[in-house]
Amino acid sequence: MRRALRFGLGVLVGLLVGAAAALTTGLTVPPVATTAGTTTTTAPVSTSLLPTSTDPLSTGLLLVWTSGGLSEGLAAQVASLTGVTAVAQVNADLAALTDTTNSKGGLVSRPEAGMYIPMEVAAVDESMAEVVPVEWQAGLEGLSDGALLTETSARVRGVGMGGMLTIEGVELRVAGVMPDVVLGGSEVVVSVETAERLGVATPRYLLVAFDGDRAQFEAQLRGLLPSDLPVRVRAPGETPFLRHGDAVLPQAIIKDTFGEFAIREIGGGDLELDRAWREANLVTEEVPLLGQVTCHVGMISALRSAMTELEQANLGFLVETFHGCWNPRFIGGARSVSRHAWGVAVDINYQANVTGQTTSQDARLVETMERWGFTWGGNWLVPDAAHFEWVSPPLP
Amino acid sequence: MRCERVRPLISAMLDGLPAPGVDLHLEGCADCRQFLADIERLRRAVRIESAETLPDLAPRILARLPRRHPTGWLAPAAGALVGLVIGLLVTGGWTGPTPTLAATVPESVMAGQSRVTELFGSFQVIERIRPGVTRMYEGELAFRSTESVSLILTQASGPPGWLENSTMFIVEEEEALAAGPFPCPSFDGCEGADPFRRLTVGRDPFSVVTPAPLDLVVPVDVFRNSSIPPALPARVIAGREAIGVELIASQTRPLLDALFGLGNWREIHDTDLVHVWLDREYLVPLGLAVIAVQSDDRAVWAARRGFIDPSSTPYLELTYSEVGFEGGPAIEVQIEGGDTVVDAGYRPAAIGDAPVSAAMPIVAAGRLEGAVPSDVWAWSDGRAWIRLDRAADWQGPGLFGNLDGVVSPIALPGGTGYRAADGSAIYIHGIDQDLAISGSVGYEELLELAESLLVAGQPVPANWPESTAGVTEGVDLVVITDLSGFTAPITKKVGDALVIDLVGSGSRAARITQQPGDFLRPPFDPDARAVAVRGTVGRFSPSLGLLEWAEAGVVVSVASSQLSVTELIEIANALARP
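Read top to bottom, the protein sequences are chains X and G. Mapping the first sequence onto my numbering, position 381 (from 1) lands on 417, and the numbers just tick up by one. Mapping the second sequence onto my numbering, position 506 (from 1) lands on 508, and the numbers just tick up by one.
Take the hints with a grain of salt, since some may be wrong.
Okay, the calculated beta carbon distance ranges per label pair [as the list claims (entries may be wrong)]: (1) Ala388/X <-> Ala305/G: 21 to 29 Å; (2) His359/X <-> Ile154/G: 46 to 54 Å; (3) Val238/G <-> Ala388/X: 16 to 24 Å; (4) Arg400/X <-> Asp395/G: 29 to 37 Å; (5) Gly205/X <-> Ala554/G: 42 to 50 Å; (6) Gly205/X <-> Arg307/G: 51 to 59 Å; (7) Thr344/X <-> Gln126/G: 40 to 48 Å; (8) Ala305/G <-> Arg400/X: 20 to 28 Å; (9) Asp181/X <-> Ala554/G: 32 to 40 Å; (10) Asn350/X <-> Pro518/G: 51 to 59 Å; (11) Asp181/X <-> Ala305/G: 48 to 56 Å.
Covered stretches of chain G, as calculated for chain X (at least 3 residues, CB under 8 Å) [said to hold, decoys possible]: (12) 486-499; (13) 520-531; (14) 536-545.
To be clear, the hints were calculated from the coordinates, so they are not data collected in a lab. The beta carbon of each residue, even a glycine, is placed where N, CA and C say it ideally should be.
Just chain X, same shape as in the assembly (with noise of 0.2 Å):
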């Protein structure tokens, strides 16, 4: 109550005092000054493969790569640019797995004869050292006698340390097991020589450890490639493994979520996929605005709802052609498997959008898709406009 009272009081004074002051001053108070809000932020790097590093936006690590592969020597004229400390050249295939063995010898999986399972392989050097984080500098010391896995390569193997790999047929010891962001998401990882006997030779990204200004290492970088070839360079944080094809979930996280197969080549990319795996993961069901449908069951639902949405928005006319789900193939030119052989994705409005160039694609067909959780080809380095891939459930 006395506090009330003194308040009051205060109050009263105050009312005099400012009407006094205004009447006899004229005060008057000049206008807050304005800012302009921006939003512009540091090139944010990293010492850290892994995105849990205290300090990030110190010095840090850049992933390099093109399209199809990297230009002979561009690993030693990367490492002449200012600033570049280390490079590691990571190359990359496809690999025909057969016999996994567990570490007491026992037979843990193996493919009915003339098939084989699609094993992304990839190949480092010493040089590999100098840009992952310390505590793991000597995980790398196993690839002098054996392959390296990642954590959901192992479990989607089944085999961890002391298991056996035999690939193109070379028998592989498993090594040590490591953290899919470490390894850039790979399925096995070899050392450069190991690799030469599996035909693994195509150079593929590049970690570059770098201590200075982003913007003009990437100008640099520009001036080392024809004017035409496009180049992607993301920083830890920017996308959630350092390797080529950035924009899509890699093989081994394709693998445990909608299961692993093997194939049988049969021709012109074309391929035959184990009865095992189309029997339990594909589905046909009648989908809105593209009919009947073949695609795996863990992501129908997620089609029908994108589709649905379009079509309870009056927005059904943006799909005007489909191109498939399912399509157990090579992507076209390459020995890598489509996504399609899982059924994970889906071709919409090919005939307007040609792999490679400008889309035609309605903003508001993508952005539903992308909201159920495909990802979009047209925002690849190498545009697939036709192509939505999933990558995630949507979000909430």
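With chain X fixed as given, assemble chain G onto it according to the hints.
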């Protein structure tokens, strides 16, 4: 008695002091009657502003003072400070649009909307696409309570070959006429983008389908839940004193949409600044200017649309040249033979024994036909309004009348209700009826009506999106810091995800989502870039307005198409484990 001797007495009379002879003089002197009217109006305005200041300023000032000395000099000092501010206000010491006056704008707008019963005026609009590429418009606005509005924008000049962008929107009783070109990505026209005229008949009062542009009258939706805006220098517009405030475009969306909702206008970036000048007495927007804020993200946005927006020049401007508050022109819907006619399904009825709102008189009652027929009642006073919808056969799934809005449960005398996060509506899911109460007024006035209805509100079924069942399970990061400009966070579980919604003024909103996971999905946006957030590396996708990061086995995203990356990071930094 001479006028100059009478006028001090008029002031005294208004203060309740003896004023002999004044009444007699007033009977024969029109000038002094006008003086009396003016001073009464002025005092009303001042009283509204200062009265609103008291409850707002005192706790804020007290909260900033040290707590070590809760007694002694503190109370009188704080009181003196508050008193100083009020004293300056009441005596007119702050004659211009000062920061303190701007600080009262949100409250004054909400409180003052019932004072505007009529408005008419002429204004000019300038629309700049890039330097040297400009369109100019002549505008006419007329408003008469309760909901008659005429907004006509006529293009006066523009680049040759461009689609003419003249628009018209007129609301009168149960009719609404909208006319103009369809929006299209190109200014020189699109296939199927011919001008249209659409007549809505059977329009329901205060319709959400064909909303009257009432924020052009008093911008209530802009300032609902608004934090205190920075002040701008005073201006005199159309001969009237105008106070100025600086806002973010996302906050002013209701005003911008009211003005540019029809036609083929250039786009406005949500993070840009909007300067709004309000009539000091009636709080009618007399001027606005939209100004680009330079940022990397905005530069990309502008380049993709062909805009060049230097910060030195507003790219959209509106300025009134004439304005009046009584005796305006008649508002009438002029129907033409070729109009496309749409029946919205509202049929007026006798008001009869309608529910009673203590806030304002009832102005309409009727029935809205449709898939789920509903009864409608409306109350209005000036620009202010309240509407009640009642459906007898609502099956959901979702609260009747809640169009994707974020709600939280509240206790009502009859049971449970649901409050829209921004306080603009209350929903009741009854046993045999579902109600939606909405309005331009404050939440307390809506609540008063909701409580008076004594409907036994039930919790919504668990499969409705508004259900709060299981909200407390699996909570990870929650908002711990007061986020200025947003209402209290609303949390719910969706599958294995935790979703927190934040709602601010205008169209400002953000959604925080948490799901189990160790890494982000691949980036959808080719322009995605890493940003520092909460001591780790996160990713911002400009085209999606999406900030994402992984933290201790949880993947978190903060999504908003209206907020800048700086604001999204501020929200992220307000999160912590309880």
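Against the structure, the hints come out as follows:
no. : hint                              : in the structure
1   : Ala388/X <-> Ala305/G: 21 to 29 Å : holds (24 Å)
2   : His359/X <-> Ile154/G: 46 to 54 Å : holds (49 Å)
3   : Val238/G <-> Ala388/X: 16 to 24 Å : violated (56 Å)
4   : Arg400/X <-> Asp395/G: 29 to 37 Å : holds (33 Å)
5   : Gly205/X <-> Ala554/G: 42 to 50 Å : holds (43 Å)
6   : Gly205/X <-> Arg307/G: 51 to 59 Å : holds (57 Å)
7   : Thr344/X <-> Gln126/G: 40 to 48 Å : holds (46 Å)
8   : Ala305/G <-> Arg400/X: 20 to 28 Å : holds (21 Å)
9   : Asp181/X <-> Ala554/G: 32 to 40 Å : holds (35 Å)
10  : Asn350/X <-> Pro518/G: 51 to 59 Å : violated (36 Å)
11  : Asp181/X <-> Ala305/G: 48 to 56 Å : holds (54 Å)
12  : 486-499                           : holds (count 3)
13  : 520-531                           : holds (count 10)
14  : 536-545                           : holds (count 6)
Violated hints, listed in ascending order, are 3, 10; each of the other numbered hints is respected by the structure.
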